[in-house]
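Colleague: Here is what each chain is made of, one letter per residue.
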Amino acid sequence: MKTGMQLAMALLSLGGLASNARAQVTPQRLLDSGKEPQNWLMYSGDYAGHRFSALDQINASNAAMLVPKWAYQTMAGGKFETTPLVVDGILYATGQDDRAFALDARSGRPIWQYQRALAADIRPCCGRVNRGMAILGDKVFLGTLDAHIIALDAKTGSVVWDATAVDYRNGYSITLAPLVIKNLVLIGVSGGEYGIRGFIDAYDAATGARKWRFYTIPGPGEAGHETWEGDSWKIGGAPAWITGTYDPATNTTFWTTGNPSPSNRGEGRAGDNLYSNSLLALDPDTGKLKWYFQFSKHDEHDYDATQVPVMIDQGDQHLIVQANRNGFFYLIDRTNGKIVFASPFAKVTWSDSKDASGAPVARKDASPTPEGNRVCPGAAGATNWMSPTYDPQTRLFYVTAREQCDVFSTAPQPYEAGHAFYGSAYFPNDDAEPFTGALRAIDPHTGKLKWEWKHLSPTWSGVLSTAGGLVFTGDAEGNFMALEAASGKALWHFQCGASVYSSPMSFAIDGKQYVAVAAGSALFAFSLP
Amino acid sequence: MLSAKNVRLSDPLKQPRPWAGAFFTCTLLLLMIGVFAASLQAQNKNPLAGDPRAAKLGEFEFRANCAFCHGLGARGGGRGPDLTRAKKRHGSTDPDLFRTINEGVPGTAMPPNGATQQGVGMTEEEIWQVISYIRSVEKKGEAAAIGNVAHGKELFNGPAGCSTCHMIQGKGGRIGPDLSTTGSTRSTGYIVESLRSPSRRLAQGISEAMKEFSQEYETVTVVTADGTKFMGVVLNEDHFTLQMIDTREQLHVFEKDRLRSFEKSRESLMPAYDQKMLSDKDLQDVIAYLLSVGAQ
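Keeping their order, the protein sequence lines are chains G and B.
The first sequence begins at 0 in numbering that gives the first Met the number 0 and counts up by one.
The second sequence begins at 0 in numbering that gives the first Met the number 0 and counts up by one.
Chain G extracted, bound-state conformation (with noise of 0.2 Å):
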């Protein structure tokens, strides 16, 4: 009888929990973000793209005294992308090879594990990398390297459904992590490698089922098409492989796009090729394109757009800020797509003009040539994928910057369905001095440089910033590190063992703070002591 009692009254404890402390992640939840800190609940940790953190227990005072307190190993080789997501104290992330797994955030013992059966032929570009989830209800969204977008049991790890984008036969992969509004999944795709043809698509997250699709390059009859010679927009690229943000105030999503193909050749697709290189702005109901900004026009050194296109409020400004792969730092007004300026943050020698509405336009002899052509910033950009972040606390914009020029070379090459497609080759350039990086601090209002912190060579690190005062940070050389944000100076290391491919993120747990990062074959977590 008494065991009875005990038992009932556990059961009734635990569906407490359930009900408080493992509430459904809603769409509501997801535009109040800000309000649970302690979770991390999408990519950029809000719709706003800021990756800043609320949490300030580990501060300038006390991050000399982090600790890691667990690592989860994928045992998988290759780069590991992932940002992880954390909910009331589950943190899901994904790993090479299209993994995903979920842990107990405090222990990082896995809870359950998953991995795609990839076929043999898939064709990523750049490594079998995924940069994370999306959560919605009990089920957490990844896109994978065949193409598909598939949904997961949030408790089980079970496959819920899984819809073909596209045939990844044709060169496309999927590698961002998924952004959801309102009931919808949004994905793009990845293959500039290969002339697709890029597009945005939105999934009902209940079914799979697709309700729109946006391609990022203008089929005939519509406007932007005549921006494509002859056929080339068929093959012309655009992909759209980094997370977007959202703003629910105009219902409007904004998203990236990347480089024309074939990347380093412009003959044979003349025009402004639209809409590569592409900031867009989105209904997310519809797909329905509101108005779009190009950095980089007829684009012949692989600067794709695709950074997080970050929002910031200025008084009544609406703004959005985005450190180019192309070098320049743009502020761009997100209620038209007008650009308020644009001024390099990384050394350029791609454009040395403007046009009338201030965009940087390219140089006549910028352009790749068969003996080659060295031009800056090189293929690589003056930064890439990784994830700046804004702290709307010191008012500052935290980029990853690398300093390095290109030869870029060209060489006619027929197109054929999922083969490389460049149309070209670029190396280092033969400078005597080694290639550099840097973490760069620009007041977003201005462009100006406020600090920098000296890489000694360029880091595929993103950036968090957080409430505590302090930005995190990887590098090449394996540390992953807490700089004071106010000023750049360097409060903690640590030496992860592999170079950080990753953006880090924070949560909290109990009441302590976590900051976690993926390096090597690892993610960890860090706290006080």
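Rather than coming from a laboratory, the hints here were simulated on the basis of the structure.
Where hints are given, some of them may not hold.
Unchecked claim - Dumping the calculated DMTMM-like pairs for lysine to aspartate or glutamate here, alpha-carbon to alpha-carbon at most 20 Å:
#1 G:Lys289 - G:Asp351
#2 B:Lys263 - G:Glu432
#3 G:Lys453 - B:Glu153
#4 B:Lys55 - G:Glu370
#5 G:Lys353 - G:Glu415
#6 G:Lys488 - B:Asp256
#7 G:Lys453 - B:Asp256
#8 G:Lys337 - G:Asp364
#9 B:Lys87 - B:Asp177
#10 G:Lys296 - G:Asp203
#11 G:Lys363 - G:Asp271
#12 G:Lys233 - G:Asp203
#13 B:Lys210 - G:Glu402
#14 G:Lys453 - B:Glu192
#15 G:Lys34 - G:Asp55
#16 G:Lys447 - G:Glu225
#17 G:Lys337 - G:Asp312
#18 G:Lys453 - G:Glu402
#19 G:Lys289 - G:Asp246
#20 B:Lys55 - G:Glu266
#21 G:Lys453 - B:Glu217
#22 G:Lys453 - B:Glu262
#23 G:Lys181 - G:Asp203
#24 G:Lys453 - B:Asp245
#25 B:Lys263 - B:Asp245
#26 G:Lys488 - B:Asp237
#27 G:Lys488 - B:Glu211
#28 G:Lys453 - B:Asp177
#29 B:Lys138 - B:Asp93
#30 G:Lys447 - G:Glu483
#31 G:Lys353 - G:Asp332
#32 G:Lys154 - G:Asp87
#33 B:Lys55 - G:Glu415
#34 B:Lys152 - B:Asp177
#35 G:Lys447 - G:Asp364
#36 B:Lys275 - B:Asp177
#37 G:Lys363 - G:Glu228
#38 B:Lys210 - G:Glu432
Use these hints to put chain B onto chain G, whose structure you have.
Modeller: Using the frame of chain G, we list chain B on its own:
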């Protein structure tokens, strides 16, 4: 035996090719790999050998996947060997090249197919195309070393002083790179430049698995907190620490913020061997010696 681990299976969207047709209808992955490995095993020769179109297609693949390290025209770059030389360090036959491209070379910067940051993974057909391209740019008949090998060896171990810092086959110093394989991987032009202008391009040291750029043989001078000075070569370095070997071949590890001073220079510790230090004739002899060692 060749492994199909890294290669991408051929494109099922395209017309079957007779040498690859066996696995289009297979559905079981293990079976596929088994059949695939068997078909590769039988492939002792490039099926596209001598096909100029294959060589041209291979050039596109080479530019996208290989030129980053091996340079345009396969003439070698900062870290990739000159592939226009007929003799390849890790095997010169068609299956050797296929294996090297597909599986990489453990312990070197050569990654397995599809694992680089640059370019995309290649199909079996594309790898054979790249091999066709490499064959098309190979120099017919190795440029026989015109120098005197025996005299070069004498200079290396004696008057020229090379062995003070460089090791060949287990003999010599540890401050500079081991030169046992240099003759088989570097172009003559690269070796000449390394001797005449060693600071022009510093030699590369440790390559870490996920790090894009290798450590270089930079010169470093430190003064420790107690005032001891060490000069030597950087073995590795990060923002906070330094690992070095000094000119007396002692290893040192330091935390930079505990040093009184820390200075790096891209002026190589190796002297620039000008005409006075090493005549053109003697230079040829030293190169002949390096080539003869590399060929072993």
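Colleague: Hints first: check each against the structure and report whether it holds.
Modeller: Now for the hints, and whether the structure bears them out:
| no. | hint | in the structure |
| --- | --- | --- |
| 1 | G:Lys289 - G:Asp351 | violated, 30 Å |
| 2 | B:Lys263 - G:Glu432 | holds, 12 Å |
| 3 | G:Lys453 - B:Glu153 | violated, 46 Å |
| 4 | B:Lys55 - G:Glu370 | holds, 17 Å |
| 5 | G:Lys353 - G:Glu415 | violated, 37 Å |
| 6 | G:Lys488 - B:Asp256 | holds, 13 Å |
| 7 | G:Lys453 - B:Asp256 | holds, 16 Å |
| 8 | G:Lys337 - G:Asp364 | violated, 27 Å |
| 9 | B:Lys87 - B:Asp177 | holds, 18 Å |
| 10 | G:Lys296 - G:Asp203 | violated, 34 Å |
| 11 | G:Lys363 - G:Asp271 | holds, 14 Å |
| 12 | G:Lys233 - G:Asp203 | violated, 27 Å |
| 13 | B:Lys210 - G:Glu402 | holds, 16 Å |
| 14 | G:Lys453 - B:Glu192 | violated, 31 Å |
| 15 | G:Lys34 - G:Asp55 | holds, 14 Å |
| 16 | G:Lys447 - G:Glu225 | violated, 37 Å |
| 17 | G:Lys337 - G:Asp312 | holds, 15 Å |
| 18 | G:Lys453 - G:Glu402 | holds, 11 Å |
| 19 | G:Lys289 - G:Asp246 | holds, 13 Å |
| 20 | B:Lys55 - G:Glu266 | holds, 19 Å |
| 21 | G:Lys453 - B:Glu217 | holds, 18 Å |
| 22 | G:Lys453 - B:Glu262 | holds, 16 Å |
| 23 | G:Lys181 - G:Asp203 | holds, 10 Å |
| 24 | G:Lys453 - B:Asp245 | violated, 26 Å |
| 25 | B:Lys263 - B:Asp245 | holds, 13 Å |
| 26 | G:Lys488 - B:Asp237 | holds, 16 Å |
| 27 | G:Lys488 - B:Glu211 | violated, 26 Å |
| 28 | G:Lys453 - B:Asp177 | violated, 32 Å |
| 29 | B:Lys138 - B:Asp93 | holds, 16 Å |
| 30 | G:Lys447 - G:Glu483 | holds, 18 Å |
| 31 | G:Lys353 - G:Asp332 | holds, 18 Å |
| 32 | G:Lys154 - G:Asp87 | holds, 13 Å |
| 33 | B:Lys55 - G:Glu415 | holds, 14 Å |
| 34 | B:Lys152 - B:Asp177 | holds, 15 Å |
| 35 | G:Lys447 - G:Asp364 | violated, 28 Å |
| 36 | B:Lys275 - B:Asp177 | violated, 25 Å |
| 37 | G:Lys363 - G:Glu228 | holds, 19 Å |
| 38 | B:Lys210 - G:Glu432 | holds, 17 Å |
Figure legend: structure checked against the earlier numbered hints; hints not met, in rising order: 1, 3, 5, 8, 10, 12, 14, 16, 24, 27, 28, 35, 36.
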